[in-house]
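J.: Chains as they are written, first to last, in this note's numbering: chain X, 1403 to 1785; chain U, 1403 to 1785.
What the hints contain is simulated information worked out from the structure, not anything from laboratory work. As the structure is a computational prediction, the values presented were derived from the model and not from experiment. Where a beta carbon is used, it is the ideal one built from N, C-alpha and C, also for glycine. One should not assume that every hint holds.
Partial list, computed: chain U residues near chain X (C-beta under 7 Å) [to be verified]:
#1 1450
#2 1491
#3 1701
#4 1717
#5 1718
#6 1719
#7 1721
#8 1722
#9 1725
#10 1731
There are 2 protein chains.
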Amino acid sequence: MPRMPGLRFTVLGRDPSTMARVGRIRTPHGTIASPAFAPVGTQGTVKALTPRDLAGIGVELVMANAYHLAMRPGADRVARLGGLHALAGWDGPLMTDSGGFQVFSLATSRTVDDDGVTFRSPVDGSVHRFTPEEVVAVQGRLGADLVMVLDVCSGFPIARERAAADAERTHAWARRAADAHDAPDQALYGIVQGSVYPDLRAESARAVAAIGFEGYAVGGVSVGESKDEMCLAIDAAVSHLPADAPRHLLGVGHPEDIVEAVARGIDTFDCVMPTRVARNGGALTMAGRINLRNAAYADDPRPIDETCACYACTRFSRGAVRHFLLAGEILALTLVTLHNLAWTVGLMARIREAIAAGRYAAFRDIFLATYAAGAFAPAAGAR
Amino acid sequence: MPRMPGLRFTVLGRDPSTMARVGRIRTPHGTIASPAFAPVGTQGTVKALTPRDLAGIGVELVMANAYHLAMRPGADRVARLGGLHALAGWDGPLMTDSGGFQVFSLATSRTVDDDGVTFRSPVDGSVHRFTPEEVVAVQGRLGADLVMVLDVCSGFPIARERAAADAERTHAWARRAADAHDAPDQALYGIVQGSVYPDLRAESARAVAAIGFEGYAVGGVSVGESKDEMCLAIDAAVSHLPADAPRHLLGVGHPEDIVEAVARGIDTFDCVMPTRVARNGGALTMAGRINLRNAAYADDPRPIDETCACYACTRFSRGAVRHFLLAGEILALTLVTLHNLAWTVGLMARIREAIAAGRYAAFRDIFLATYAAGAFAPAAGAR
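Whenever a hint applies, use it, and build me the whole structure from the sequences.
T.: Laid out in structure tokens, this is it:
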């Protein structure tokens, strides 16, 4: 399959002692500096923020979910309303996940066969059928810039034989998705499966790369396996993916995991973590995660993160954010979400700088020591 | 009591055929063009918006509630965190209501005597006592620019004798509050009670004006009485209030009520209505209120209000807002709230223009005919 104008990826620099690389992903709706983190807007919006909030903190890519949007409001309705960019009020780059993970984790009464998967909508109980071709078509109607093939997302733990079968079906579906894909302004990503088995991951990467996609995603990680298992799975996959295509790690977003995966050659990430923990008062700082609901912050006049220049940190104290959290005010969710994403965007910028300067290994070691120290001793965040 | 530098009010123009006037209220935190509408941020924030959202649509005054903030996080805590402006992240003019209305409508186990009122906090059941002096002190610790005396807010319906007694106690408390007030950067407002009895309203206005305040509020309206009764109560009060002080109407914010009350000499308003209905999908338009949850809007590509230039109307379709409402996304609450306040701010600007041009009576008639027509035929909002 020839490269389509939907995506142009340029590697701008490589770290000498890791697989980390800094690059640029051009899409019809703008350019993404990589490594990049995409906040998740499952239903077409990142929870508790407006698109202009996202643009204001430098977010360059948003991940939406084809499965959720197909269930509600429906892909045809999104198309009638002008497509996903119009629905979302976001004119920057958009990625949609195919829904493979969701069909296999959320849908009820699911039956899978070689041709596709039939399931009931959790929204209204209606019966739907996703095939590789249908999911390409759904994403075509939504109109994101970067789209994913339908995959079979292996659960965890899983026996080797079952993981191998899931991966094989994933490859067969990927071939059909590639054949069905004909939108020149959408870049189609293949997805690597294989669970925690490095040889299956390697085989899956080779199989998907052989089909030929504009981008590649590693799926089925961060589903319960250990950090070491995840790292080995990424290593095995990345080493068999083409060097000139961007690599996305699906569903990974803990800062320490991002930092490790970048060292293993991953270019883009998406995860609900920074926004989900925010809505419970969890704030990311360089010294680890702190919980602003903690009574220790009740009279704390300092910003969420003293090194952060985001709107939440320049205008609100920890004590104020805690008050709004306890009072059930949406403002608190907005402020902590905004901060967590600004902080993550800032982390990605530091990552890119470190790679460009050829000192990523040192950056990784220092970050992990600092962040993990805070993460495992949350009280250190309070006075 | 001498006028304090906490407030300077200038009447810039008067409508020739109504009591409407256009003016400027100077406070230590900025100037308010009047007539003005203050969105309500009960607990220190307007629900679903950030302060920069408010500033962005031209809001010039926010109303917070001393009662709620005294219950949580507590006035001392607010002071320790730098005062209410710092807590709220809002550096424009702030008004706090005294909590009279809340003590008489929300608090449980309430006992009132001549000296004050004792009640339990709905937050944690703790026992509190509000006296006129204590409420002045609480508002001093909060630090709003415009503050209210503690009043006895008459319910509805209420017998004349009871309303007279409530008003008399309100006057006695107003005298004590004026004596206790010594913050030169806070303007203290007296409150007129008297329910739906025009002679009690007139007597209350005379009594409160005789004490001498920097501003005057009309309280105990929009509590169940008819529109005619409310208008008569306002008329009776305003005609006995000094012409050189600003007049606030507590808790009124339906567009048709604002337009009528401006004609009766009211300068500022506060109400939860535009923000509360927004969170249920109710959007204000010049053709009346529409509910965006309605299925009629599912495929509607038009903005909430085709004549509105707010962020919500320039970037999102009705269909998109409906999707986010049905999906339970906070973005929907933010967008409709933003629109309703932008629309109300715009209404106030048109009101000021009409007064300045000396054609307020005509403006009022046209507005009421247009808005009421839409309000009573909501389907007209849909195609």
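J.: Indicate, hint by hint, whether the structure satisfies it.
T.: For each hint, the structure was consulted:
Hint status for residue 1450(U) relative to chain X: holds, with the closest Cβ pair at about 5 Å, below 7 Å. Among the interface hints, the one on residue 1491(U) holds; its C-beta lies about 4 Å from the nearest C-beta in chain X, closer than the 7 Å criterion. Restraint check, residue 1701(U) versus chain X: the minimum CB separation of about 5 Å is within 7 Å; hint holds. Of the supplied interface hints, the one on residue 1717(U) holds, with its beta-carbon coming within about 4 Å of a beta-carbon of chain X, less than 7 Å.
Proximity of residue 1718(U) to chain X holds as hinted, the smallest CB-CB distance being about 5 Å (cut-off 7 Å). A distance limit of 7 Å between C-beta atoms decides the matter here; for residue 1719(U) the minimum to chain X is near 5 Å, and the interface restraint holds. Interface restraint check for residue 1721(U): the shortest CB-CB distance to chain X comes to about 4 Å, inside 7 Å, so the restraint holds. The criterion of a C-beta within 7 Å of any C-beta in chain X is met by residue 1722(U), whose closest approach is roughly 5 Å, and the hint holds.
Hint status for residue 1725(U) relative to chain X: holds, with the closest Cβ pair at about 4 Å, below 7 Å. The closest approach between the C-beta of residue 1731(U) and any C-beta of chain X is roughly 5 Å, which is under the 7 Å cut-off, so the hint is satisfied.
The earlier numbered hints are all upheld by this structure, with none contradicted.
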